[in-house]
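With my numbering as the guide, the letters of the sequence shown map in order to residues 40 to 373.
Calculated directly from the structure, the hints in this document are not laboratory data. On a predicted model such as this, the values are computed, not experimentally measured, just so you know. One or more of the hints may lead you astray.
Label pairs and their computed distance ranges (CB to CB) [what the hints assert, rightly or not]:
#	residue 1	residue 2	range
1	153	346	20 to 28 Å
2	361	174	19 to 27 Å
3	200	344	50 to 58 Å
4	351	321	21 to 29 Å
5	172	201	46 to 54 Å
6	321	349	41 to 49 Å
7	368	174	37 to 45 Å
8	171	212	36 to 44 Å
9	339	186	34 to 42 Å
10	318	363	18 to 26 Å
11	329	201	20 to 28 Å
Each residue gets a CB set at the ideal place from its N, CA and C atoms; glycine is no exception.
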Amino acid sequence: MRSSLRLLVLGVAVPGALSPLLYRTMVAQDENADVRVHRIVSVEAVPTPRAPAPPVASAAPHVRRPEMAPAAPRAPGRPSRPARSSRVAVLAMGDPQPCRFSHDERLQVPADAGLLLDVDAGSGSLSVEGVRGLPAVEMEVRECASREEWLADLEATLERTGDGIVVRTRYPEPGRSVRGERYARIDLVVRVPLDMPATLRDGSGEAWVSGTGRLAMVDGSGELEIRAINGAVRVQDGSGGLRLADIGGDLEIADSSGGIDLTDVDGSVTLTDGSGSVEATDVEGDVRVLRDGSGSIRVREVGGDFVVERDGSGSVRWTGVAGRVDVPRGSGHL
Numbered sequence: 040m041r042s043s044l045r046l047l048v049l050g051v052a053v054p055g056a057l058s059p060l061l062y063r064t065m066v067a068q069d070e071n072a073d074v075r076v077h078r079i080v081s082v083e084a085v086p087t088p089r090a091p092a093p094p095v096a097s098a099a100p101h102v103r104r105p106e107m108a109p110a111a112p113r114a115p116g117r118p119s120r121p122a123r124s125s126r127v128a129v130l131a132m133g134d135p136q137p138c139r140f141s142h143d144e145r146l147q148v149p150a151d152a153g154l155l156l157d158v159d160a161g162s163g164s165l166s167v168e169g170v171r172g173l174p175a176v177e178m179e180v181r182e183c184a185s186r187e188e189w190l191a192d193l194e195a196t197l198e199r200t201g202d203g204i205v206v207r208t209r210y211p212e213p214g215r216s217v218r219g220e221r222y223a224r225i226d227l228v229v230r231v232p233l234d235m236p237a238t239l240r241d242g243s244g245e246a247w248v249s250g251t252g253r254l255a256m257v258d259g260s261g262e263l264e265i266r267a268i269n270g271a272v273r274v275q276d277g278s279g280g281l282r283l284a285d286i287g288g289d290l291e292i293a294d295s296s297g298g299i300d301l302t303d304v305d306g307s308v309t310l311t312d313g314s315g316s317v318e319a320t321d322v323e324g325d326v327r328v329l330r331d332g333s334g335s336i337r338v339r340e341v342g343g344d345f346v347v348e349r350d351g352s353g354s355v356r357w358t359g360v361a362g363r364v365d366v367p368r369g370s371g372h373l
């Protein structure tokens, strides 16, 4: 086995808001060489020298997609614990994608009430789950590459700072492209205390989030599922389908392409959509579509108003709206 992952102390500025500029600078890639690497370029991690990886005898097993646990009762705050970090035994991880050469590790740091989870991930799948009674943040890491020498350039770190838990990833130097059977990625499964607030940035790959507190997320590409969130949610999504359920506060969505399916929102919904259908069901407050480029809009059971300010193409349909309805002239309805 190669050397263990090394924890790094990073200086991190957690953004207070999501903006279109943040998304446009999110993915770094170069089409002209051997490995394409997707990563957030607005946050820099400290590079760490790594020893060359020894040959790996066999391929990693295929694994299943992380399951989204059902919503759990909300937990009260937890007592403080001393700041320390430790490595614990490696657990097998799940991934349906090919993984010819791999390295697995599990990291853990204690977590007090009131801390923020701050994740900056690049290429690979991401799962974040809030767990009742968990006193720490646990992270399972699987580094996958089609060439064993690339494993030495893959790294994930977990560190506690003064006011948060920080997760960072490092990839091979940008400038090599991944095509066909060539790839380098890091898959993460992160478990946190129930209702811990989170700021997440994900480059490419599928992502699942459940059981956190208030959530701010920027996602580059890939399917994204968010559910059972105890607080407001803000999402900026590049491409890929977006599914949200059981949101315990206001919901803001800025989506470039891909369908949006949301249900059971305790607050109001505000969204901007480039292309793809929009389905919204069981919203306590208002539903306001600031701009919709193309694709249908269908709304059911809204406790407040339903307003579409700008609609490009596609039908607009609604039923069970308790408040005012204001949609562009010529749109249909149920």
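- Item | Distance restraint evaluation - residue 361, residue 174, Cβ atoms, bounds 19 to 27 Å | violated (43 Å)
- Task: Starting from the hint 50 to 58 Å, judge whether the C-beta atoms of residue 200 and residue 344 obey it.
- Result: This hint is violated: roughly 42 Å between Cβ atoms.
- Is the distance from the Cβ of residue 318 to the Cβ of residue 363 consistent with 18 to 26 Å? Given a distance of about 21 Å, which is inside 18 to 26 Å, the answer is holds.
- Task: Given the range 36 to 44 Å, decide if the beta-carbon distance of residue 171 to residue 212 lies inside it.
- Result: Given range 36 to 44 Å: holds, Cβ gap about 41 Å.
- Item | Assessment of proposed distance window 41 to 49 Å (beta carbons of residue 321, residue 349) | With a Cβ separation near 25 Å, residue 321 and residue 349 fall outside 41 to 49 Å, so the hint is violated.
- Beta-carbon spacing of residue 172 to residue 201 - inside the hinted bounds 46 to 54 Å or not: violated (25 Å)
- Query: Is the gap between the beta carbons of residue 368 and residue 174 within 37 to 45 Å?
  - Reply: Hint violated: Cβ distance 57 Å, outside 37 to 45 Å.
- Item | Verdict for residue 153, residue 346 (Cβ pair) under range 20 to 28 Å | violated (36 Å)
- Message: Verify the CB-CB distance for residue 329 and residue 201 against the hinted window 20 to 28 Å.
- Response: Check failed, 37 Å falls outside 20 to 28 Å.
- Query: Should the hint that residue 351 and residue 321 are 21 to 29 Å apart at their CB atoms be regarded as holding?
  - Reply: Between residue 351 and residue 321, where Cβ atoms are some 26 Å apart, the hint holds.
- Item | residue 339 paired with residue 186, Cβ distance criterion 34 to 42 Å | At 50 Å between Cβs, range violated.
In terms of the numbered hints stated before, the structure departs from hints 1, 2, 3, 5, 6, 7, 9, 11, listed from lowest to highest.
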